[in-house]
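The chain contents come next:
There are 8 protein chains.
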Amino acid sequence: MTPETLRSLLDDIAAGRVTADDAMRRLRDLPYADLGFAKVDLHRALRAGGAEAVFCSGKTPAQVVAILERLIVDHVNVLATRADDAVAAAVAAAGLPHAWHPGARLIVARPEARDGVGLIVVAAAGTADLPVAEEAALVAEALGNRVERVTDCGVAGLHRLLAHRELLAEANVIVAVAGMEGAMPSVIAGFVDRPVIAVPTSVGYGTSLNGLAALLAMLNSCAPGVSVVNIDNGYGAAHQASQINQLVAKIR
Amino acid sequence: MTPETLRSLLDDIAAGRVTADDAMRRLRDLPYADLGFAKVDLHRALRAGGAEAVFCSGKTPAQVVAILERLIVDHVNVLATRADDAVAAAVAAAGLPHAWHPGARLIVARPEARDGVGLIVVAAAGTADLPVAEEAALVAEALGNRVERVTDCGVAGLHRLLAHRELLAEANVIVAVAGMEGAMPSVIAGFVDRPVIAVPTSVGYGTSLNGLAALLAMLNSCAPGVSVVNIDNGYGAAHQASQINQLVAKIR
Amino acid sequence: MTPETLRSLLDDIAAGRVTADDAMRRLRDLPYADLGFAKVDLHRALRAGGAEAVFCSGKTPAQVVAILERLIVDHVNVLATRADDAVAAAVAAAGLPHAWHPGARLIVARPEARDGVGLIVVAAAGTADLPVAEEAALVAEALGNRVERVTDCGVAGLHRLLAHRELLAEANVIVAVAGMEGAMPSVIAGFVDRPVIAVPTSVGYGTSLNGLAALLAMLNSCAPGVSVVNIDNGYGAAHQASQINQLVAKIR
Amino acid sequence: MTPETLRSLLDDIAAGRVTADDAMRRLRDLPYADLGFAKVDLHRALRAGGAEAVFCSGKTPAQVVAILERLIVDHVNVLATRADDAVAAAVAAAGLPHAWHPGARLIVARPEARDGVGLIVVAAAGTADLPVAEEAALVAEALGNRVERVTDCGVAGLHRLLAHRELLAEANVIVAVAGMEGAMPSVIAGFVDRPVIAVPTSVGYGTSLNGLAALLAMLNSCAPGVSVVNIDNGYGAAHQASQINQLVAKIR
Amino acid sequence: MTPETLRSLLDDIAAGRVTADDAMRRLRDLPYADLGFAKVDLHRALRAGGAEAVFCSGKTPAQVVAILERLIVDHVNVLATRADDAVAAAVAAAGLPHAWHPGARLIVARPEARDGVGLIVVAAAGTADLPVAEEAALVAEALGNRVERVTDCGVAGLHRLLAHRELLAEANVIVAVAGMEGAMPSVIAGFVDRPVIAVPTSVGYGTSLNGLAALLAMLNSCAPGVSVVNIDNGYGAAHQASQINQLVAKIR
Amino acid sequence: MTPETLRSLLDDIAAGRVTADDAMRRLRDLPYADLGFAKVDLHRALRAGGAEAVFCSGKTPAQVVAILERLIVDHVNVLATRADDAVAAAVAAAGLPHAWHPGARLIVARPEARDGVGLIVVAAAGTADLPVAEEAALVAEALGNRVERVTDCGVAGLHRLLAHRELLAEANVIVAVAGMEGAMPSVIAGFVDRPVIAVPTSVGYGTSLNGLAALLAMLNSCAPGVSVVNIDNGYGAAHQASQINQLVAKIR
Amino acid sequence: MTPETLRSLLDDIAAGRVTADDAMRRLRDLPYADLGFAKVDLHRALRAGGAEAVFCSGKTPAQVVAILERLIVDHVNVLATRADDAVAAAVAAAGLPHAWHPGARLIVARPEARDGVGLIVVAAAGTADLPVAEEAALVAEALGNRVERVTDCGVAGLHRLLAHRELLAEANVIVAVAGMEGAMPSVIAGFVDRPVIAVPTSVGYGTSLNGLAALLAMLNSCAPGVSVVNIDNGYGAAHQASQINQLVAKIR
Amino acid sequence: MTPETLRSLLDDIAAGRVTADDAMRRLRDLPYADLGFAKVDLHRALRAGGAEAVFCSGKTPAQVVAILERLIVDHVNVLATRADDAVAAAVAAAGLPHAWHPGARLIVARPEARDGVGLIVVAAAGTADLPVAEEAALVAEALGNRVERVTDCGVAGLHRLLAHRELLAEANVIVAVAGMEGAMPSVIAGFVDRPVIAVPTSVGYGTSLNGLAALLAMLNSCAPGVSVVNIDNGYGAAHQASQINQLVAKIR
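Residue numbers (numbering that gives the first Met the number 0), protein chains in the order written: chain X, 0 to 251; chain S, 0 to 251; chain D, 0 to 251; chain W, 0 to 251; chain A, 0 to 251; chain V, 0 to 251; chain U, 0 to 251; chain L, 0 to 251.
If you're looking for bench data, these hints aren't it; they were derived computationally from the structure. Owing to the predicted nature of the structure, the values given are computational and were not obtained by experimental measurement. A couple of the hints might just be wrong.
To be verified - Lysine-lysine pairs mimicking PhoX-like chemistry, simulated, CA-CA at most 20 Å apart:
| id | chain 1 | residue 1 | chain 2 | residue 2 |
| --- | --- | --- | --- | --- |
| 1 | S | K249 | X | K249 |
| 2 | V | K249 | A | K249 |
| 3 | L | K249 | U | K249 |
| 4 | D | K249 | W | K249 |
As the list claims (entries may be wrong) - Just so you have them, the derived chain S footprint on chain W, three or more residues with Cβ under 8 Å:
| id | stretch |
| --- | --- |
| 5 | 53-65 |
| 6 | 172-183 |
| 7 | 205-217 |
Unchecked claim - Computed far set for chain W versus chain V, every beta-carbon distance over 10 Å:
| id | residue |
| --- | --- |
| 8 | A19 |
| 9 | D20 |
| 10 | I71 |
| 11 | H100 |
| 12 | R145 |
| 13 | V202 |
The beta carbon of each residue, even a glycine, is placed where N, CA and C say it ideally should be.
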């Protein structure tokens, strides 16, 4: 409820076009309806081409199917992240239109191709980081962004990264995915003046502490322009990258 | 050096317009000169109105003064972060033109007021988070952005936060500063579809673990659209927020 | 043994009504029998309608069966928590009267329905938190409390939580179950003046550190009125909530 | 704003007693005023005899004074926690009526003695835990509860604790304060069927890890009925204990 | 080589009974042979009835069999700890005389019953701690000590522990095994003036952190007289308890 | 109160030699006095020459003085650990007979020299470990044990340690004090078959983590026979060593 | 590309022996080729007999096969570390010439025996450390170094280590592999003046924290001359040891 | 004692030139004297030009002076690390010949300039890392190595690092000093085939965790050829670098 609709309602009461009882009923949910949360959610979907993503971990395949069935009524490109084989099988068995990306553990329900706007570059430091990077790239594409992938460009082979610096400089936002020592985002931020969203991955062993080493390195980047999301959170990075890219592209 | 200028140089050699010796000299620095690092840095300064920020911790006041003296030759609004009283005294004694913000521990050398573009909202959860929030706000302003401050709006007084949701929804990017349980950025991202850069602060005690509790909460936000910087890193958040805001405002 | 009964015994000795030998015998176990531990346990069972709960982890199914068999002689609604399929199968094979709640990993042996007193609200932030929340709700019901469940009301969809604030304000105590960033208990405590027992869950990944992130957030709640139990400890929260609710309802 | 006052306002508009403009002005803040947050706060103050507590850490003495000055207009027994000497001096210099408890680092502004209801027992394991225990006891008293103190009763001298078990069993809620190995709350919960709010303290050295050892012990209590607050958080424990005690005593 | 045998060798050289060449050969290994390490090991075996224990984790069943085969030539009651089913099967298949205690994951090769000296009490806080406690008790028995077991005596049922205080006071050393909050060793040390070797177990969940919570509690015992071994290290506790008990019993 | 004195008291009442009132007064503390806690404490003091030690941290100098004044009425060699200059000054100002060991931060109140029994060897790895080692040695001496000190024998100079192996082998128990990598106790346990109580110290920097590195090393000793106390806890190690040594020497 | 070959290319263009087009093609990769990264890699391969090692974790068997197929075109003794059975089966099925060391999880593709230069000693503390030590030894051999193995020489049996001190003193570099308390490298560095590269292993349990205890011990070595690599990183230690050994042997 | 001197002693006994008694006396210390620890130390000093370094932390100034006075009798360039102002003042007051480097907290007692052999490059990522880097460089010089310094070359300004790659490639060993995200050593190892000894520094704040973030990054380097020493341990890195450099230069 906007100030305008509230004012209009009040005028209607004053004019006797609406009774106090009816107004009471409409205003009863005001505390949160007027907060516009659901409305905001709706707007987001219309604008960005997707509903809230479904995080599959901890949900049964049947729960995921039920949620997706409800969401694809109103939305296309509905995302289900961390979808394992059992979830994918259930979605397929339920006959839902969908695309299944097992490497990225991602299901796009009621998929619909769309021209991407702007440019998001998704850079992966190593081959083992590809599943997370691919989740980010696929999510960004499903949300309507142009995406370029740069792979196998960790700091042990810096020249491979430097070879892509023009592409990186052209991006509105860079999603930088790295495990182990997690240095790549810092290096990118050191030579490209674009916002870098760093995604630490759990790639590594021993003192990688399942990605904490990479996370800490990224948070301590000596180059400004780096912010960080949770370990292996390709979806989250892509979501924020899409917010930024579409603001720049004047979509939202 | 772009491919075009390289091709042109090669043509010049082939045509005898440039000797191999001269070409050798120009190509000698290619490995890094052509990387354009310094040039990029220069461009960043011209565009964004500021040089690299000086992180004062671990530097002597004399070192800070010397660096600032060199930087203000070419730049205005040169930032010195984590500047304590001793640094401020040294800068003043050296006669450098500057503004000193003790609460934010920030010095702006050769300060120059500028109209800010776009909109960055800096939200602080509590009074004790203000020094970090103020660092972020002052840095963002020095970098040429329009900044609005929202204070004392932590989740214990949610209504104060909700009162500002229109301002928050209008921002190109939100810097959300919170200590203790660090929940505010999640809540903001839950009702505003704008990128949120979360800054955990070391405000708290005991299990706040000097800000780690807030950091972890922010990294685990159940609302997408949140990325995180280091604890108390108001500068870093403002830098990235400025990158984003100015891309949207078509400054860079 | 109260001071009064002790004084009475001493008088009896002085008066020759009790011999020193008999007094010696009665006083020998005083150090602990008079502490009344077993008696207290018995009183607790009579009052609260349940025996000590059996924590199944680390016990063999046979051990669990044996303990339950002994407890249901004197008690109804005997709880076995963290009961997996093997335990449930053994309990069934042994022919014990029981109800088995696999989602909540809970067995109620010799179950007996009872009208609940007072009101405990069990709120779950997300679908994945439901097993722990359900453990809490079922335990609270088995202990004789009226329980209302509020689900899927995490801070990413704050309006869903706010919609229940009247119910929350009516509760004698609220059990708030959340994983990931664990912000929901703080938000509830921010707008309802009732004791909140927060249960962090291991829902999440990466920096959720198996629930430590949620735990830390809850311990650092900026809103007073929140206390915390162990990660995934739905039983423990329900036990204390029951103590409180029944004190208010004047049951104990 | 209650449903009744909202209904009354709507009736006034319908009846022409209030213009739409005036109603608009009053309803402008509705989204959060109607959430009743401020109102709840007000009710809490009226009922419990105190306003929101002021957490002094990270605030300047001047800020604390200003906040207290505003709060004591409407409230008595306004609490300022973690108040150090500088804060106390500033409060005294400002001429505010107050009581200063340096051991507990607590200021009670506009103090007003009151008869306490119900019973909260505050138990401290050792002499070094007394400052935190005293903060809890003083806060609980300021909030209008009857408080009994039990001191120096850690598990190394178990008999001292057992000597108080009748008092403990009589309490509506027990605040158990302990550092080092933090075992006392578990022991209390093992022989008294009352809710125990455990407060770990930073008393100890080495592997006490500034109170983390005690915190972990308390969270892992093998006796049910224990919940935990932040390290050294005597205020928080007292606040929740007061909520519980007053519910039992039918104050709120 | 003892000082006596060295002196004797030197005399033999001086007397010409041994050539310098032969002496050289015998003394070549002196730097470490004379350190007496192997000899000490041998003495230990003769005195205590057992050889070095074999830690099976990380060894193949074949390796364990080979080591045991060699050790039982000279020793009885050779211990193999952390022996899983595969190791036990291999030892059985190899035809080695042995006793297999699957709960304690312990194999005693070439077992030989012996009267135990002195008294070691092994106390376990809960049923789930029994495997570790049983490892300790069996090891202590195999090493020739009299052992008494006290079980299910955690602090949640303190009276069960207190019931055994005379037995505890009689022990030369107490091995106290506990998981979860790990409080039992402190409580024992609080009322019995005997050395307590505490064994934290990995029993628990969530913030038990696989036994770290119990370990920290034990290290921070407010009662003196407690020392601690590694988590789940029943063998190590029994070994040191045996050293102490046999010194008291004048065996070594 | 022993069973004998209790019986005797009861007989006295029966015989009229003691009135019920007087008995009541004496038995008022029975619930715990009969637990024998105080008795144990008393016995310990008589045997070992010292009362409970006073841990000064977190106590005011005045509190320490008051406790010591009371304790020295009945005891000699009363220990006050972690005593800083302020405590020592207060004790001196109060005119208490005492010895002050500033390096070890130890006060021995009403000191009385005594011949030590048995043998405890206190070994320190480095010069910086000496304060903790000295605390252990002085405490052990005050408790009536013969103590030998071995210093500067860390594993970087292994020969210095090996030079003392005969002394080490002669000890009833060894207190091994080491910081940094904490390897010395393992090495000692590898060549001497005596119980080793390891004391990690906070000596070191960076990854020593204030002694956690040494602690972990000691807990993971590959040589059996090592148990561990809290970081810098020379007192605790000495206390347990004294228990063991005096059992061997048949003092207790 | 060296300065010489660049100069020569430029001369060729100037002389018309190479067209600008051809030069362009060769120089297109210059920005990074001229950084010499690939060249360095090539030189390393020629000198050391091996290409970049393939880290198999996180790669599919098919990916590993594809990478190895490409690498063995130009290289011998190509290493694939952390190769499990599935990878080994895929490599075998693909018909690649290779040696498979399952214990060390190492594949050497296109293996070629070579005389080793210099001397690297690989010392393992215990039997369970052998897989990591063997990885180090095999890698060092494949890289062309002479390797001697010293096994089962942990500090619990110090004499076994001391027996090898002449061999250790002869080495150009020592790789010291140990789990549990991780003391062996410190001890070696204490009596041999050679660089020691310490490899912590995840051998242990409980507080070994999967190798962190050993890692911390090694980083805190009181003996200088120790540096450390990641937990279980036998490959990394061997790689650096090979760099050092071959510099001494004047190979690189 | 070398094999030769032992053989000679045995011959002397056989020949009657030495009595068995005298030989006994000389051999009594053999177990460790023959280990040659002290001799090795002596050899190290003669070869490398320096005695054992004195670690000043935890030692009193007087202790440091006493140790230095003894060491400079036989040695030049005796190092005292972590020397603060008080230590330096005491050394000066004692009249010892010395050089005092306050930035590096290093004293070189009885300093003697020497030509350095080989080449060690000490690279520092930032200005704040200079004290640690300078400690490394000065130590390496005092130990007789040629040292080149490369400063302010962190990954945020990668071109500054790349500008020095020829110098880096020329080094026998590189000491790479970095705080914050600690990426520089990985980057160096990625383009230079020389052993890199990485020194994490405590430079940073928040999640740098006093250098742990940099340490973890270095341990997880995706480029092989990096080993790591303790945080801020410039001395340790220089010591090992010197060992390596002098082996290459054939000094030891």
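These are the hints, each one checked on the structure:
Between K249(S) and K249(X) the CA atoms are separated by roughly 10 Å; this keeps the pair inside 20 Å, and the hint holds. A C-alpha spacing of about 10 Å is found between K249(V) and K249(A), which places the hinted pair at or below 20 Å, so the restraint holds. As the CA atoms of K249(L) and K249(U) are separated by approximately 11 Å, the hinted pair is consistent with the 20 Å bound. Simply put, K249(D) and K249(W) have alpha-carbon atoms about 10 Å apart, close enough for the 20 Å limit, and the pair holds.
Given a C-beta distance limit of less than 8 Å, the hint that chain S covers the stretch 53-65 of chain W holds, as 5 residues qualify and 3 suffice. Counting residues of the stretch 172-183 of chain W whose beta carbon lies closer than 8 Å to any beta carbon of chain S gives 0, which falls below the threshold of three, so the coverage claim is violated. Counting residues of the stretch 205-217 of chain W whose C-beta lies closer than 8 Å to any C-beta of chain S gives 4; at least three are required, and the coverage claim holds. At the 10 Å boundary, the C-beta of A19(W) stays outside the reach of chain V, the nearest C-beta of that chain being 64 Å off.
Against chain V, the non-interface label of D20(W) holds: every CB pair exceeds 10 Å, the least being about 63 Å. Against chain V, the non-interface label of I71(W) holds: every CB pair exceeds 10 Å, the least being about 31 Å. For H100(W), the requirement that its beta carbon stay farther than 10 Å from each beta carbon of chain V is met, with the minimum near 15 Å. Non-interface status of R145(W) relative to chain V is upheld: no Cβ of that chain comes within 10 Å, the nearest being about 25 Å off.
With 10 Å as the threshold on Cβ separation, the claim that V202(W) sits away from chain V is violated: the shortest Cβ distance comes to roughly 5 Å.
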